[in-house]
Every structure is written in structure tokens, then in C-alpha cells.
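J.: With the hints as constraints, model all of the structure from the sequences given.
As a plain string of letters, each chain reads:
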Amino acid sequence: MENEELISLKNIVVEFDGERIIDNLNLTIKDREFVTLLGPSGCGKTTTLRIIAGFVEPQAGDVLFECKKINGVPPYKRPVNTIFQRYALFPHLNVYDNIAFGLRVHKVPNTEIRQRVSEMLSLVNLQGFEKRNVSKLSGGQQQRVAIARAVINRPKVLLLDEPLAALDLKLRQSMQLELKNIQKSLGITFVYVTHDQEEALSMSDTIVVMNNGKIQQIGSPIDIYNEPQNAFVADFIGESNIIDGVMLSDYHVRFAGMDFDCVDKGFAPEEPVDVVIRPEDIKIVEPEKGQLVFTVESCIFKGVHYEMIMDCDGIKWMVHSTKFEQVGDRVGMLIYPDDIHIMKKSDVPVYTDGGEGDRR
Amino acid sequence: MKKRAALPYIVWMLVFTIVPMIMVVYFAFTTKEGAFTLENLIQVKEYAGTFWESIELGAVSTLICLLFGYPMAAIMARSKAHVQRTLVLLCMMPMWMNFLLRTYAWMTILENNGLFNSFLQLIGLPKLQMINTSGAIVLGMVYNFLPFMIIPIYTVMVKLDTRLVEAAQDLGCNWLGVFRRVILPLSVPGIISGITMVFVPAASTFIISKLLGGGTMLIGDIIELQITGGANNLNLGAAMSLVLMIIVLITMMVMNVFGDRESEVALV
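Protein chains in written order, with our numbering: chain A, 2 to 361; chain B, -17 to 250.
No lab work stands behind these hints, which were simulated from the structure alone.
One or more hints might be untrue.
Here are the simulated distance ranges between beta carbons [as the list claims (entries may be wrong)]:
1. 107(B) with 20(A): 54 to 60 Å
2. 129(A) with 236(B): 53 to 59 Å
3. 49(B) with 74(A): 29 to 35 Å
4. 116(A) with 238(B): 48 to 54 Å
5. 53(B) with 68(A): 48 to 54 Å
List of simulated lysine-lysine pairs, DSS-like, C-alpha gap at most 27 Å [stated by the list, open to error]:
6. 11(A) with 70(A)
7. 141(B) with 132(A)
8. 141(B) with 137(A)
In this text, a Cβ means the ideal position worked out from N, Cα and C, and glycines have one as well.
T.: Now the structure itself:
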């Protein structure tokens, strides 16, 4: 992705009624990139999107589009289009007129409108729906109309505000693929807002994890998942065990009453740290072969794996394994140095529900 | 259970709507002695001018109510919650007082030696003839019926999803485009019921024209005269009422057809 800079947000501050919603945010979005703003509700991700769309004016900071400052430019003059949460289709217009709306506003000749609308209808698989009343369409069909209505204007950037939140799981997954295909085939930049980490991981080129109006980490899905920069990111993206630990020296950490080898360095001796371990990275072995000995507290079947809560001297661990363990049994645990992630103690409050928390 | 609960209302409608309608039709087609006749309806023709004047003044009042009421309703709907409550209250407040008293109050304001002219004199301007003009009648109607225009439009506007406005802006509409392409078409149902609620009583009003219009007789006044006053011709009065009802009905049907086309699904 060695493309040019398309949108830059520089030192953005937004306050509503004295409450800081966006706190000194800096973000650069490249041309043709699929960027996802990910975070729990109230983290400022939708506000960030609305700043780009022009519905929110930041109290401080610059919004740049192709290196030109666009602060104060009204939404209707910006070369971006939005897909709104729950679509906001015009109830007084049929499918055709909804999709043609933007072109009519821009006084495009009727013959061209007809041709472009029919292109759009085939792009979103809604041929033959021209005369349908939008309020009589299913959620998935309304979603497609919303996509067509925005994309037909050939925006440089498409802003998507939790576009799939109202759909059921199956439909959401197929729409994820479709959106990704549309983005690739049209070659436009997508800025996508979601609280669903799975959606973010499967679609994005770049994920921007946000919390409390601040960016926590920017990176590719793989980086974000494998190398979370702080405990918040680790906990929000996927499941994590976050344990208090102490750095003994470079490549040596102590937690749960044991010394472990790890791959991290550069901490002060005896520095307290957060140790993050993914539930799937913990290997279950015979009790005498394990580094730690756990007691199984619960074991729930989750389809692909069993999700187990284990107790180790009062600390609860979450472990994923494909093998069933009897509740009450004692088992041994192995954790490889690669799978131990050491993080500086952060003052960021950890989002305790994990990524699963507020999904519908 | 449901059926029984509806009974009092059915009786009410029967006694106060259906029966009077039947009586109007009966009287319209009979003589004083009770024999069938078309004479009454033929006689109504003589009042065509009055009918026309009534409908004209009713239409003018309705139009003025719409021109004042629509922006007012739009402003109310976009205000903060507590401002909205206050504005709705202010809008309704005059209706707490009797309609007749309010109209009398306008008399004292508009009279030749009334409040307004006294004020004009005080600042050295010549008096204006206001009472006993058709302008005064229109003013009286607008004053009395304006809330009936504002409230239904406000009710529709307040429910209008602001995200639709944002969507229109996002697709390239400036504020005028947003209004023309989204807000106006979606508020058509409110406009239609506002027009209905103002035009129907305005076209058939009688007390306003009597008090503020001096000698002006609108169709409502003439009907009143047949029933209560000097003319004492119940049968002609009934025939006039019937014709007026039919005219209003036709007007409303035309309005509704127009409205349906404008906003096919805005009502949903």
C-alpha cells in the first residue's frame, strides 16, 4: 500500500457540552485503503467519521483532503459519501429514485442517470427492484440500496457507519465479503466504523483501535492481533488473559509465581508489567509436565473449541482447547516464550467485556 | 369485550352524526308540510355568489395559515425540547378561551375607535377602516384557525428523521435542496390535514363574518338565518348545508388525490 495520502486528521479535538469526545487525534488515510475505526461504543469512532463527512466541526485541529484544508466545508461540497447506520433511505422515494438522488441533485442528464442506476443495481444484485418501495425491502436489500445510493456518486471516499450492525450473522458475513469486493473493484477508499472486532479483522487493510477519544493502536489486522500495544487493545481484539507481572531482566518475566522466558526487552529491572496471553496459546499437558498447574472450573463447548475457565492460585485464566477437560480436574499448562506478550502498565481503563461484549 | 367497549361510541356517532345527516337530507328534499320537493335545492342556486365568496375567503385564510404555519411548525420541530414545549403551549393557549370571546376581542381592537386606531392616532397617523372589511374576516379566521394548521404539520415534522436530512446533505443537497427534496415531500401529510382542518371550518364559519365583517353574509350566516333567525326556512337551510357539505367533500377528495401522489409512502 504505497499510495498517496488522501485524508489527514491533525490534532483533532472535539468537545460536546464540555466533555472531550475526541482528544488530540492524528490519523492519515491513504488512497484506496480500507481503514476500520474500531472501538467500544462512545470511543469517538463515529464522531471521527462525522468529522470527515463534515457533520461535526472539530474545536481544534485540521482536516486535510488531498493536502487541502477542508475545515468548514459543508457536507454537500465534500467528495465523500456516507452509508448511515440503519441506512436512512428516503421513505418517499422508490429504489430507483433513492439511488438516483445524488445524480439528480448534481443535474446529471436523465439518460446517464438511467444507465448508471442500472449499473449500480447489478453491482448490488437488485436488478428488477427499481419500482419497489424501500420500506418494504428486507434489511439486506435496504443495505444494498444504501450502498448503491452512495457509490453511484463515485466518491473518493466512502464512509460506512456500522453498516452491517442491523443484519443477522449469516447476512453480515456475506455482506462483509461483498463490501470488500466492491471496495476492490471500484478502487475507492473505505473508512469503516464498527465495534465488531471480527468484522474489522476480516475486512480491513488497516485497523485503528480507539478508546476514550484516543487512538490506541494503528496497524494491519495481523499486527493488531499478534502484537497489541497495550492491554486495552489486547483485551478488545479477541480474548486475552491479562495478568500482573514483573520484568526481571531482558527476556525474563515473573508472573503467577513463576519465572518465564519471553521475547521482550527494554524494561527497567523489577518494572511491573501487564502480561497478555491469548487463550488459544496456552497448551494443556499432564500436571507434572506443566509450568503451571490449573484446576478446571468450567468447560463450555463453543463449536470449534472448548472455552475453559481455569483457576491457578485464585487467578482465573481463559483457555481454548479442542480437547474436553473434566471440571475439577487438575491439568498442567505450557506457555511458549513467543506467546507471552509484555506490555507497559497502562492507565487506560481496560474494556472488560472483550470484543464480544456489545455485539447484537 | 372489545365490541362492548366500542358500543357507547357507536351510539354517540349514530345519534350525533348519522341521525343529523339523515335529517339534513330529509329536510333538504321536503317542503314545510313534509312533501317531497327539489325546490329547496333549486333555490340554493340563488346563493351561488355567497357560496363562492365563502369558499374564496376560506381558501385565502387557509393559504395565509399555511404560509405562516409551515415555517412556524418547522421552527418548533427543530427547537430544543423545552423550547418546543413552550411554543406548543403558546400556540394552543388562545384556544383555552372561548372562540366567541376571542372574536369579540378582535372587534374591540379593529373598531373605528378601537385599540389599533387609537394607537395610530397617538403616533399621529390617520385612522384605518378595518372592521367590516373582508380583510377583517380573513384576519379573524387566520387568528382562530392557525393552530389547526401548525399542530398537524409540527407533528409530522417532529417525527422526521434527522438522518434523512444528513443523508440528503451527504448526497450533495444544500439547505434549499434538502427542503425541496426531503423535508417538503415528507411533510405533505401534515400539510393536507392542516389544510383540511382550517379550510372546512373557515368555509362554513358564520360568527366571524358577522362580528368582524359588518353586514357581510357568508354562507354560514345565511344557513344560520334559515334555522334560527328571520327567514325561518329549515328546509332551505338544510339544502344549503347539504350543498356546502358536498362542495367541501369534493374539495377534500381532490386534495387527498393530490396528496397521495405527492407522498406515496410518507404516511407509512
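J.: Kindly indicate which numbered hints from before are broken by the structure, ordering the numbers from low to high.
T.: Hints 2, 4, 5 contradicted; others consistent.
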